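Asks: Guided by the hints, dock chain B onto chain A, whose structure is given.
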Amino acid sequence: GAVVSQHPSWVICKSGTSVKIECRSLDFQATTMFWYRQFPKQSLMLMATSNEGSKATYEQGVEKDKFLINHASLTLSTLTVTSAHPEDSSFYICSAGRRDGYTFGSGTRLTVV
Amino acid sequence: DAKTTQPNSMESNEEEPVHLPCNHSTISGTDYIHWYRQLPSQGPEYVIHGLTSNVNNRMASLAIAEDRKSSTLILHRATLRDAAVYYCIRVSSYKLIFGSGTRLLVRP
Chain A
3 GAVVSQHPSW VICKSGTSVK IECRSLDFQA TTMFWYRQFP KQSLMLMATS NEGSKATYEQ
63 GVEKDKFLIN HASLTLSTLT VTSAHPEDSS FYICSAGRRD GYTFGSGTRL TVV
Chain B
10 DAKTTQPNSM ESNEEEPVHL PCNHSTISGT DYIHWYRQLP SQGPEYVIHG LTSNVNNRMA
70 SLAIAEDRKS STLILHRATL RDAAVYYCIR VSSYKLIFGS GTRLLVRP
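Keeping their order, the protein sequence lines are chains A and B.
Residue numbering for the first sequence follows my numbering, beginning at 3 and increasing consecutively.
Residue numbering for the second sequence follows my numbering, beginning at 10 and increasing consecutively.
Next up, chain A with everything else stripped away, as it sits in the complex (with noise of 0.2 Å):
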């Protein structure tokens, strides 16, 4: 079956710094990939389409400056928490679309401490 992978799955930083986290379609070629936060007993929350080629859609209210996605290829999407914050602590998570249903990445919990 269709197979995301995320990495890192945890990962803790500093505050100020940027954090980089990786989503791979290891099966299939996903011209779209989605980004996903979740904080403590919600929900997740869309936050950006991730198009191949071409930049990224946000959703109201997400910082794009904060929140870089970058797609450069069918099996790769990443996004990069600039100058974190302790709020920006929170479970991402990545999904990429297929005929048979979305495929979502295993997330990934950021600390910033």
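Just so you know, not all the hints are guaranteed correct.
[As the list claims (entries may be wrong)] Not everything, but these chain B residues come out facing chain A in the computed CB check (under 8 Å):
id : residue
1  : H43
2  : Q51
3  : G52
4  : P53
5  : H58
6  : Y103
7  : K104
8  : L105
9  : I106
10 : F107
11 : G108
12 : S109
Please keep in mind that the hints were generated in silico from the structure rather than gathered at the bench.
A quick note: this is a predicted structure, and the numbers were derived from the prediction, not measured.
Glycine residues also receive a C-beta, built at the ideal position from the N, C-alpha and C atoms.
Replies: Below, chain B alone, put in the same frame as chain A:
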């Protein structure tokens, strides 16, 4: 509003069937209905999806109302591993917009 309405939580006994309801009264004719489930600290897992007809797969069945304003996910024999948060999602413009989901508790 692309969100759906689900009960916050439900309980079931192990090896009994579970019917998880979902209301999507404003669904449009081209929106698919998807179901995903999520275990703690994991990404969501695809369960099933459909458009108009009832659907079956190895994990579950999806019963869609004739007017498409509601649907029910059916787990035929709940196991302890089925304990998770279940999300019913209207897929509009290829985007998955998650609602609050139903937390399913399975009693041994």
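Asks: Look at each hint and say if it fits the structure.
Replies: Now for the hints, and whether the structure bears them out:
| no. | hint | result |
| --- | --- | --- |
| 1 | H43 | holds, 7 Å |
| 2 | Q51 | holds, 6 Å |
| 3 | G52 | holds, 4 Å |
| 4 | P53 | holds, 5 Å |
| 5 | H58 | holds, 6 Å |
| 6 | Y103 | holds, 6 Å |
| 7 | K104 | holds, 6 Å |
| 8 | L105 | holds, 6 Å |
| 9 | I106 | holds, 6 Å |
| 10 | F107 | holds, 4 Å |
| 11 | G108 | holds, 6 Å |
| 12 | S109 | holds, 5 Å |
Consistency note: the structure conflicts with none of the earlier hints.
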